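Enquirer: Given next are the chains, with one letter for each unit.
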Amino acid sequence: MSDHTRTSPRVAASVAIGSLLTLSLAACGGESQGAQPVGQASDKVITVYSGRSRPLVRPVLDGFEKVSGITVEVRYGDTAAMAAQLQEEGSRTPADVFLAQDAGALGALAGEDLFAALPDEVLDKVPAAYRDEDGQWVGVTGRSRTMVYNVDQVAEDDLPESVFELTEPEWKGKVGIAPTNGSFQAFITAMRAEHGDERTQDFLDGLKANDAQIREGNAPIVADVDRGRLATGLVNHYYVYELAKEKGTSVDALKAKNYFFPDGDIGALVNVSGVGVMEGAGDDPDARDLVDYLLGRQAQTYFAQETYEYPLVAGVSSARGLPQLSSLNTPDIDLNDLDDLQTTVEMIRESGLA
Amino acid sequence: MAVVRRRVRRLMPRPALAVAAVASVAVALIPLTYLGVRVGDAGWARISEELFRARTGELAARSLALAGVVTTACTALGVASAFLVTRTDLPARRLFGVLATLPLAVPSYVAAFAWVSTVEGFEGFWAAALVLTLVSYPYVFLPVAAALTSADPAQEEVARSLGSGPWRTFITVTLRQIRPAVAAGALLVALYVLSDFGAVSVLRADVFTRAVFTSISLGFDRTVALVLATVLVALTVLIVSGEQLTRRCAARYARLGGAGRPPARLRLGRLRWLVVPGLVGMAGLALGVPAASLARWFGEGVSRPGSLTGLATAAGNSLTVSAAGAGLTLLLALPLGLLGARAPGTVAAVLDRLAYLSHALPGLVIGLSLVFFGINVAYPLYQSVWLLALAYAALFLPLAVAAVGSAALQAPPALEEVARSLGRRRSHVLRTVTVPLAAPGIGAGAVLVFLTCMKELPATLLLRPTGMDTLATELWSRTSVSAYAAAAPYAALLVLLAAVPTWWLSARTGVLTQAVQGGGS
Chain D
1 MSDHTRTSPR VAASVAIGSL LTLSLAACGG ESQGAQPVGQ ASDKVITVYS GRSRPLVRPV
61 LDGFEKVSGI TVEVRYGDTA AMAAQLQEEG SRTPADVFLA QDAGALGALA GEDLFAALPD
121 EVLDKVPAAY RDEDGQWVGV TGRSRTMVYN VDQVAEDDLP ESVFELTEPE WKGKVGIAPT
181 NGSFQAFITA MRAEHGDERT QDFLDGLKAN DAQIREGNAP IVADVDRGRL ATGLVNHYYV
241 YELAKEKGTS VDALKAKNYF FPDGDIGALV NVSGVGVMEG AGDDPDARDL VDYLLGRQAQ
301 TYFAQETYEY PLVAGVSSAR GLPQLSSLNT PDIDLNDLDD LQTTVEMIRE SGLA
Chain R
355 MAVVRRRVRR LMPRPALAVA AVASVAVALI PLTYLGVRVG DAGWARISEE LFRARTGELA
415 ARSLALAGVV TTACTALGVA SAFLVTRTDL PARRLFGVLA TLPLAVPSYV AAFAWVSTVE
475 GFEGFWAAAL VLTLVSYPYV FLPVAAALTS ADPAQEEVAR SLGSGPWRTF ITVTLRQIRP
535 AVAAGALLVA LYVLSDFGAV SVLRADVFTR AVFTSISLGF DRTVALVLAT VLVALTVLIV
595 SGEQLTRRCA ARYARLGGAG RPPARLRLGR LRWLVVPGLV GMAGLALGVP AASLARWFGE
655 GVSRPGSLTG LATAAGNSLT VSAAGAGLTL LLALPLGLLG ARAPGTVAAV LDRLAYLSHA
715 LPGLVIGLSL VFFGINVAYP LYQSVWLLAL AYAALFLPLA VAAVGSAALQ APPALEEVAR
775 SLGRRRSHVL RTVTVPLAAP GIGAGAVLVF LTCMKELPAT LLLRPTGMDT LATELWSRTS
835 VSAYAAAAPY AALLVLLAAV PTWWLSARTG VLTQAVQGGG S
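Sequences listed follow chains D and R, in order.
Throughout the first sequence, residue numbering follows this note's numbering, covering 1 to 354 in sequence.
Throughout the second sequence, residue numbering follows this note's numbering, covering 355 to 875 in sequence.
Because the hints were derived from the structure by calculation, they are not lab data.
Computed from a prediction, not measured in an experiment: that's the story for all the values here.
A virtual CB, placed ideally from N, CA and C, is assigned to each residue, including glycine.
A couple of the hints might just be wrong.
[Claimed, not checked] With beta-carbon atoms standing in for the labels, derived distance ranges: (1) R/638 with D/317: 33 to 43 Å; (2) R/821 with D/111: 40 to 50 Å; (3) R/635 with D/91: 55 to 65 Å; (4) R/704 with D/352: 40 to 50 Å; (5) R/391 with D/199: 36 to 46 Å.
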């Protein structure tokens, strides 16, 4: 029993329908059809494991189905649980493509060689900072870490210059964090890369000693800041937009506001959601088409306008009210350096925050 | 040869049944095999590093404490409300009987969300204890109410005639009669609390299941999660053996001959002014808070669920997977329950206890273990409804075994013996006598499993067929992007659909049909 069990129906299909299908696909295909290997014929069906939930992703996939004529079967789930599932499934996974909420999950799967390498012409659409150096996965959207604050409780002049100031007495009990959340964890890993383990452990211990308020995720932090139950919190930038959308108002009407730490402070780390093609689907043109579509103008514009994330492909602008990603003074961190999650986990547990 | 066969007979009186029961238990233990394999891979150094840290001890202590507090509270509330509803002249008894059962239809995560969004700063150990008590006291109420309605009133009458007062009679006679029902309900509550993830994660109670999930999302590390899960299994063994001890000193009290008579009812008198508001208050906390909160979600947000068809499809899927789960669970439970009732002994007792071991494992661990099983052993079943049904069976087998066992106990074995003596084969007797007699009880077990499957989330997320969404997964999908208003209809429909079988369960206890028979003395 090997991976061939999975591909054999496809091979059979290719024998049956032969090159006709490949030709017709090449005729109607997208931007980079010419360059792709003809190892496998298109069967017009792919299976996507999505660590991002249906309301965020389905509209994009609907657009893809319409353009490509490929049927997308999707499993929605939690990114971490889904990464664990993919690890258990190994080479026999029914998945062709994995869409993940954060780079950490993609890195964990890349570390077990579960992805097929993507060709350079796909990778080159995205700045080098937002993809895997071995080409196992590529970023689709960017999200910035920010400090959300309640305008009634924190004056603009009192906002800290650096995230490290949050361990000082004036912020005691006033900072909400979500230590079990992937984006917090990536942020801490970046801090270790930039400032070393010792300073990072001091920061974590400092947060604990300063009575940091713990929540399960970013959304509850932003909701509590808006309601005035919390003064500030460390979250991703788009949660205020989600909250405004749910309340049917604009972000300007909220009490909760985003603050981007200035001068390349690590508190303004930019992380990605991204996509990887599973090993067994490396030659599947349909999977490749989906990756191309996600990095195309239509999908990038959707993510920018509807989920308020940063588009990663040149020429697509951010949502109104958001700075362009390139204009942000973000810390100079290579996401490829964020692969040592194990130590980060140990340190977070050490501090008593999780 | 004959000697050997006789020996085997003595050791194992019903070999065919026993073999089937062993097969059922083997299925229920698939997750433990997986745990063994994966934890073994980790190596002893890693295991001991995770096991012997102060935090593991703390978590174990806190999980046990939570299970203890919730079980005690559920036992008190469950027994008290069952007694009030079945044995007193409480006004609107039928209504209160239904109200005491309905919390079973509310998933713990929905209740927890409701409380968090209603009460400021509602979190931690005691918050989780309150919510878990409110959603799980029906596990005690149901069996106890059934036991109270069917218990033989003659024994109480004897005690009363010998001069015991009503309360003394309750404590010395009635409580002893219903002790097996109380213990069975309490065991289910304790194990449920150990395995629950919904309430403890929303309310941030730092217990074992939460640590298991956290270590999967922190660093995508299965090993720590699985090592921690083995501790949960150890805690389960502890609790299950504890319950076994209480069982040993309990005898069985069966009604002998004659049709059932309704027991005499105590007059509450002025006490009713205390009791009625108490019961109303409890129903308000367990049902009113979630209802009000769902209504508020819907009113405050502007997100809307997809189409009505989407809602209907999800509901249909929920019903399908739950029906498959309940069917398979029942099939596996039948030999176990019958063996326990008809051939009690060491073999039956050990098998029965083993069936409980997976019950306290978090759904995520069960899910991952069946991913492993599906990929490596049963690939054709992978991501089919049947593998999900298998997960439900591993999780909820004890619920069905208990129901089958008690139903078979109530069906008099004499009828089977008559059929046997007239030359019928065992299998024929099973089909034509035993199962029809025990059918209502078996049905109750199936219904209980069915509605528990509807509420299950983590294993469903991992194992459902690709593209198939249920009410629970749709609800999860929307709350994770904070579209609470869009989530509300899914939550409401889930609770409403689960309420139908729940109502049927409360009707079964007899509280709805029982005639009132005079006053207390």
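Enquirer: Determine whether the Cβ-Cβ distance between residue 704 of chain R and residue 352 of chain D falls within the hinted range of 40 to 50 Å.
Expert: Distance hint for residue 704 of chain R, residue 352 of chain D holds at roughly 42 Å.
Enquirer: Take a look at whether the Cβ-Cβ distance between residue 638 of chain R and residue 317 of chain D falls inside 33 to 43 Å.
Expert: About 52 Å separates the Cβ atoms of residue 638 of chain R and residue 317 of chain D, which means 33 to 43 Å is violated.
Enquirer: How does the Cβ-Cβ distance of residue 635 of chain R and residue 91 of chain D compare with 55 to 65 Å: does it lie in that range?
Expert: holds (57 Å)
Enquirer: So the hint says 40 to 50 Å: do the beta-carbon atoms of residue 821 of chain R and residue 111 of chain D match that?
Expert: violated (29 Å)
Enquirer: Take a look at whether the Cβ-Cβ distance between residue 391 of chain R and residue 199 of chain D falls inside 36 to 46 Å.
Expert: holds (40 Å)
Of the hints listed earlier, those the structure fails to meet are numbers 1 and 2, in rising order.
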